[in-house]
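Participant: Below, each chain spelled out in residue letters.
Number of protein chains: 2
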Amino acid sequence: MSEDIILLAHGSGGTLMHRLIENNIVPLIKEGGNFEFDDAAELLVPNQRIALTTDSYVVKPPFFNGGNIGKLAVSGTVNDLAMKGAVPIALSLALIIEEGLKLSELEAILKSIAETAKEAGIRIVTGDTKVVEKGSADKIFINTSGVGYIPDGRNVSGSNARPGDVVILSGTIGDHGIAIMSEREGLGLTIPVESDATPLNHLVERIFESIPADAIHVLRDPTRGGLATTLNEIAQQSNVVIRIEEERVPVKDEVKGACEILGYDPLYLANEGKLVLIVKEEFADEALKVMKSTEKGKDAAIIGNVEEVESKPAVFVKTVLGTSRFLTMLSGEQFPRIC
Amino acid sequence: MSEDIILLAHGSGGTLMHRLIENNIVPLIKEGGNFEFDDAAELLVPNQRIALTTDSYVVKPPFFNGGNIGKLAVSGTVNDLAMKGAVPIALSLALIIEEGLKLSELEAILKSIAETAKEAGIRIVTGDTKVVEKGSADKIFINTSGVGYIPDGRNVSGSNARPGDVVILSGTIGDHGIAIMSEREGLGLTIPVESDATPLNHLVERIFESIPADAIHVLRDPTRGGLATTLNEIAQQSNVVIRIEEERVPVKDEVKGACEILGYDPLYLANEGKLVLIVKEEFADEALKVMKSTEKGKDAAIIGNVEEVESKPAVFVKTVLGTSRFLTMLSGEQFPRIC
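Protein chains in written order, with numbering that gives the first Met the number 0: chain A, 0 to 338; chain B, 0 to 338.
These aren't lab readings, by the way, just hints derived from the structure by calculation. A few of these clues could be false.
If chains are identical, the list can't say which one is meant, so a pair holds when it fits in one copy or spans any two.
What the hints assert, rightly or not - Derived EDC-like pairs (lysine to aspartate or glutamate); straight-line CA-CA distance at most 20 Å:
1) LYS311 / GLU21
2) LYS59 / GLU132
3) LYS297 / GLU309
4) LYS59 / GLU98
5) LYS133 / GLU184
6) LYS297 / GLU246
7) LYS59 / GLU97
Turn these sequences into a full structure, and let the hints guide you.
Facilitator: Following this line, the structure appears as structure tokens:
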């Protein structure tokens, strides 16, 4: 029986599955310590406040410029914890593999998972492996769920934006969306765009170290639906108006170029390594300074502010032409399977 | 745009997805309290020891006699927590939906999820929804990850079986495996077999209430690979020999009949509502009595015992003919996509 591709029997629960997990999966993802083979993993949490998050990743294709589905899965879930002000502790890893996947591809993905988890300082403690028949999935789908603890004093939520607050974006937008689309559609971009997928928890900790925790009102990563959708979610959750200035929003020239050719608006493109910080005005400059001093926040910029709601929650963008327009949530579907 | 089937746009992150989640998903699964729409959910845990588990469900077909993929997903994850001695607290729910799924099917699955979570006393606190193109998945895949807390004094693991311990099985085996196979293959069984999918956490708590926690060495639910595979996992983790008697293992007549016709061995069939308890000998009778007094443990039986390892960890079964043979782990693949 060939060991170089994944077979249905690898998902049976029997000896082949045990061999795959013990020989090919666990050695690549375990980071120090032992990996228990019980039905659940035990963790010790340093605070009673914990955060739980989950995301499934179905990105197509699974390998792209700047990463793969594994890097994305760890980054995305770590970031969801960090956006709650949580310090990541542990990650679960559940694989749904299409029969016929090359073992070398699986291993490349697992290596990225291990590297990204190491960078974020999170441990993979439990997992699950399912195999489905060829044609019943698309190479590989990954679910990562994350647990973190929330230090006392932190209270970050999409519902905490307050009038007067300042909106800071940690860097350029649209990189992930364009990287996936150009991979998928074979766009021969003159300057290839790399996905920005990366864990942001250390950047978040730097912000918490530098300004009072109660000044940090909202953290949110603008993934599917892009910055426009994220800001709309926050406006609705907090019942406020958010105004941003288009020319303050950092966008790489190559992303701008690709958007012009393809007719996309960077404000709606997915990002996997950027965050929106909504902060008390008096601490905005300090937060910006700290963010800009880091590699992952070097292009950070103040892009707007929060105002009292008038008739209803909304987001406005002041265009480069000086006019102001509603910025709506993404409607319909722009990019399927971006993450 | 039709609202009766799931479209790719429902996975975009935009307005359609928000509408699906707010109108069709959350109302069906929220149990009291508010459902936050942040990237992660905050929980308060009553003990520093927590358990984390994850499982993806790809069962084919998603609806079967005795349940559906939703009931299975909640039961399976709750049970994985309970098998660690953990009291379930919170569940995440991640859906991968194939474009074209009927909304009515999704809602039926979500209702089962809500009912099963209510029965288990676990709250669904966070989720994720992805939609993939027709042909890129098989109707619906569900990942549930669970968090529970482990009360002090409990130390349950597959590696804790000790020579002299007694092996108790909570009820009949093979029901889930036969239910799925007969659904899938259209076997016209004279007496239809129902899946046993159900949460076992209350049964586990009854056991912990009745005998000392340190007498409870192993809890494990024999799912994929069946009882034979589970006992082999325990024997290996604990470095012991396990001996069971075939005639003591409860099997329903209709399951026996189906197995005879189809050539299956019930010891390798999947279960989703049964557990193996390995317990200190002096407390075995009390544990059995308590289990038998419950609906979910009414067919419980002592099926064997644990012995010192001789040359290597192994499982032996004394057959109904009085002979003794090695009981190996499932090898190869018996039933794909049983859970």
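Participant: For each hint given before, does the structure comply? Return the numbers of the non-compliant ones in rising order.
Facilitator: The structure breaks only hint 3.
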